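Respectively, the protein sequence lines represent chains Y and G.
Take the first sequence: its position 69, counted from the start at 1, is 69 in my numbering, and no numbers get skipped.
Take the position in the second sequence, starting the count at 1, then add 1000; the result is the number in my numbering.
Simulated from the structure, these hints should not be mistaken for laboratory data.
Take the hints with a grain of salt, since some may be wrong.
Here are the simulated DSSO-like pairs of lysine-lysine, each with C-alpha atoms no more than 30 Å apart in a straight line [what the hints assert, rightly or not]: (1) Y:Lys153 x G:Lys1094; (2) G:Lys1027 x G:Lys1104; (3) G:Lys1063 x G:Lys1094; (4) Y:Lys153 x G:Lys1037.
As the structure is a computational prediction, the values presented were derived from the model and not from experiment.
The residues making up each chain are set out below.
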Amino acid sequence: MKKLLIAMSLIIGATPVLSADIDGSVESRCTVATTVPGIYGNPNAYTLTTLPASAGQVPVIRFDTTLANAYYAQITYPTSFSSSPSLSDNVTWTGEVTLKAHGESGMSGYQAASTTTGAMRSYPLSVAGSAWFQSTSVAVYGGNRAFPGGAYKAVVLAECVAQ
Amino acid sequence: MRGSIGLCLLLLSGAVLSHEMTPTYPKWEISGVDDVKKTTMRLWNSREDVRYYEIGLFSDDWKPIPFVTAYRILPVGYLKEVKFDVYITENNIKRARYICSLSKLRSSNESQTLLATRICSKFK
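Okay, chain Y solo, but in the shape it has when bound (with noise of 0.2 Å):
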């Protein structure tokens, strides 16, 4: 009788154990963010550049991805104005694609290994982590004439492309 009252406190009292797990996974993903804006300088009367010198700011552009090979960055400068006051003479564009800065060792090769089409450069985001970019943008109105006094907006685009 007293084993027994004993067995049946230890049954009774005993904790119970429960496993609780916990799973997860990473989901690939893709998260296209604007670091820094873009503003036009204007350091003559027919010239708009993203330069710094010419006291414009190059607009920067972070990718974060959560797994390797899962996307392209594909980045265009722009090759008109969004919005402007009106034009009577074409307006000659250019401008360059480039990594700035890269959070992994591996990323060092992005630019090699990018590919460009018209005003596009296409990066294989082959590291999982953030990479900045940066796009200049430079418009010369046509003969060296002046722009008409406005505001002028161009649009950068920065796409993450699903691989």
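Starting from the known structure of chain Y, fit chain G onto it as the hints suggest.
Relative to chain Y, chain G alone:
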């Protein structure tokens, strides 16, 4: 050195102005309507300057594919996540390759380069 620059940029960037869409590789599912399939996407907006995203469906060669969704121009508040369904007829499924969300930009009075962001998921 470059890693240090990257870290500095990350720390100095302040507000994160980003756009994200998942899943990367969506799948078509039964919709409840004959000959129509659907997929559900998730869009996250932390771009303070963007309130709307345009949804598009494209083929391998980036030709538009007909689809139906509640809003083609989808309102997404700042720091909000929106789930949306995209419906397609079965005869267009094989051609559909990319589903994309493109930020719609607002105008301002400053001479600047605006940044449009587009994220495209892929049907494999």
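Quick rundown of the hints versus the structure:
Proximity of lysine 153 (chain Y) to lysine 1094 (chain G) is assessed by CA-CA distance (about 39 Å); at most 30 Å being required, the pair is judged violated. In summary, the hint linking lysine 1027 (chain G) to lysine 1104 (chain G) is supported, as the alpha carbons are separated by about 26 Å, within the 30 Å threshold. This hinted pair checks out: lysine 1063 (chain G) and lysine 1094 (chain G) have alpha carbons roughly 13 Å apart, not beyond 30 Å. Taking the CA atoms of lysine 153 (chain Y) and lysine 1037 (chain G), the gap is about 40 Å. The hint is violated against a cut of 30 Å.
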